[in-house]
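Participant: As a plain string of letters, each chain reads:
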Amino acid sequence: MTRASVVGVGMTTFGVHDQPLPELFGQAALDAIDDSGVTPGDIDSFYFGNAMGGQTENDTHLAPTLAAEIGLAGIPAQRFEDACATSANAFKNAVEAVDAGIHDTVLVGGVERCTPETGKGTGAMTEIFASASHRQYEQPTGLTFPGVFALLTKRHMHDYGTTERQLAHVAVKNHYNGTNNPRAHFGSETTVEAVLESPIVADPFHLMDCCPFSDGAAAVIVTSDDLADSYDEPVDVTGVGQATGRVPLGLKSDIHATQPARDATAMAYEQADTTADAVDFAEVHDCFTGAEILASEAIGFFEDGFGGPAAESGRTEIDGDRPINPSGGLKAKGHPIGATGASQIVELTEQLRGEAGARQLDDPTRGLAHNLGGDAATTVISVLEVRG
Amino acid sequence: MTDAFNYDAWATALERGELLGGRCRSCETTFGTPVMVCPDCSHRGLEPTPLSETGIIHTVTRIEVAPTGFEGPFFVGIVELEDARLTARIEADSDEPEIGDNVRFAGGLSEAPDGSVAPLFRLE
Chain A
0 MTRASVVGVG MTTFGVHDQP LPELFGQAAL DAIDDSGVTP GDIDSFYFGN
50 AMGGQTENDT HLAPTLAAEI GLAGIPAQRF EDACATSANA FKNAVEAVDA
100 GIHDTVLVGG VERCTPETGK GTGAMTEIFA SASHRQYEQP TGLTFPGVFA
150 LLTKRHMHDY GTTERQLAHV AVKNHYNGTN NPRAHFGSET TVEAVLESPI
200 VADPFHLMDC CPFSDGAAAV IVTSDDLADS YDEPVDVTGV GQATGRVPLG
250 LKSDIHATQP ARDATAMAYE QADTTADAVD FAEVHDCFTG AEILASEAIG
300 FFEDGFGGPA AESGRTEIDG DRPINPSGGL KAKGHPIGAT GASQIVELTE
350 QLRGEAGARQ LDDPTRGLAH NLGGDAATTV ISVLEVRG
Chain B
0 MTDAFNYDAW ATALERGELL GGRCRSCETT FGTPVMVCPD CSHRGLEPTP
50 LSETGIIHTV TRIEVAPTGF EGPFFVGIVE LEDARLTARI EADSDEPEIG
100 DNVRFAGGLS EAPDGSVAPL FRLE
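These protein sequence lines are chains A and B, in that order.
Numbering-wise, numbering that gives the first Met the number 0 puts 322 at position 323 of the first sequence, and it's gapless, one number per residue.
Numbering-wise, numbering that gives the first Met the number 0 puts 40 at position 41 of the second sequence, and it's gapless, one number per residue.
It cannot be assumed that every hint is accurate.
To be verified - Partial selection, computed: residues in chain A whose CB lies under 7 Å from chain B:
#, residue
1, Pro139
2, Thr143
3, Ala149
4, Arg245
These aren't lab readings, by the way, just hints derived from the structure by calculation.
Just so you know, these numbers come straight off a predicted model, no measurement behind them.
Ideal Cβ placement from N, Cα and C applies to all residues, glycine included.
In isolation and in its complexed conformation, chain A is listed as follows (with noise of 0.2 Å):
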């Protein structure tokens, strides 16, 4: 059942941005806008996400000033942080808002620097980074956030035996994806030997199979089911779910499960009354290779154990018959924190529209998106369809 639309799609090309955080924004915002036709005056709330700007730019309260900056003061406007889970958070927020009847009309985005543009370089973007593992009982090991995943995959690959190599592949292939993206922060291809002779950062993850530091912002327009009609081109969000599980790592009873996504991508099947096998393809959340496997295998899309060998043999392509990450995803086409997730339905968007360009996935109807934040404790998994 739909439980909202989205009608308008925008974002900036992520990457390097010296523009200050209103105006980067704005911009994603001002394109979502135009996009979807809305009379600016018709949007009834904001649901912004920004993870870090206290910690990186000494920039908070945003959500006013972001609204403000793009002549919508006066609307109620909130700000979501759940580490990189924070703009599909403020997503899930808005469509169950207007699922509600509470709002007709929102615009959902979020933006975030993460390159030296802000002042900060790598060791001081690192520990900014490791403030989502737990305070207490995780920073003071000197644990990092590739430090986190590569736990998590070093288990898998034990368990699996998942490989390096299968993990490299998943990095050539987002890689190439990310050279039909014009918004993607690289475009060229990589191999596997690349990957695999790049420096280490947490093994088993080289520098390549880790996505970059990225700047960048999106935005899209949420209305009711109603209302979606009256716009050219809207999309359904027929499924939003998102659940939380224990923190620090070690309450985890099965680390590499990845469960709050299990159980998020459960939910979201419920309501969209779908399966993984009537999904036509996903973008998740591929901060790191190992990241993707674990995804790939906790939304359904190949058993346990299974998505290692899938990534190496080149199901999940964009020709493959599980296509992942079309857009080359945070590999290659950033992760600008705040503003990942509400780029992934954007991309979800644009595909379901077939508006994809040189990435367009043929014919898709349903798509889904995984968007995870801190240790895996939380994630948010969204379905949109094209709609009926």
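Given the coordinates of chain A, assemble chain B onto it according to the supplied hints.
Facilitator: Here is chain B on its own, set in the frame of chain A:
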């Protein structure tokens, strides 16, 4: 609750070289770190209990790119003790620690820039 097993009790013990976990007073499950409500049975109040000082590596990574204030490379892992799991720094003289290797508790490590303590284990 004056006798609550909390972060301060856990960290103070660790600084003394003592590894405490929390045991649920109701379902008797033990956890490697304090938590106010039992994750398994929702009972309020865990009591401190000494954890076994030997265990095996459940998973481990060699961190090369460290946060500001730390110097890589070093090993961080999840250690599986007889009664609980916890995240810890793992020290090895020459060998690379691997999943399944035996480790022994070696006290508290205060390498973090703010001096906060982390459990340290050594490869056996």
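Participant: Hint by hint, note whether the structure agrees.
Facilitator: Hint by hint, here is what the structure shows:
With 7 Å as the threshold, the beta carbon of Pro139 of chain A comes within range of chain B, its nearest partner Cβ sitting at about 4 Å, so the hint holds. For Thr143 of chain A, the suggested interface contact is upheld, since its CB lies about 6 Å from the closest CB of chain B, less than 7 Å. Hint status for Ala149 of chain A: holds, given a least beta-carbon distance of 4 Å to chain B, under 7 Å. Here the hint on Arg245 of chain A is kept, as its CB sits about 6 Å from the closest CB of chain B, short of 7 Å.
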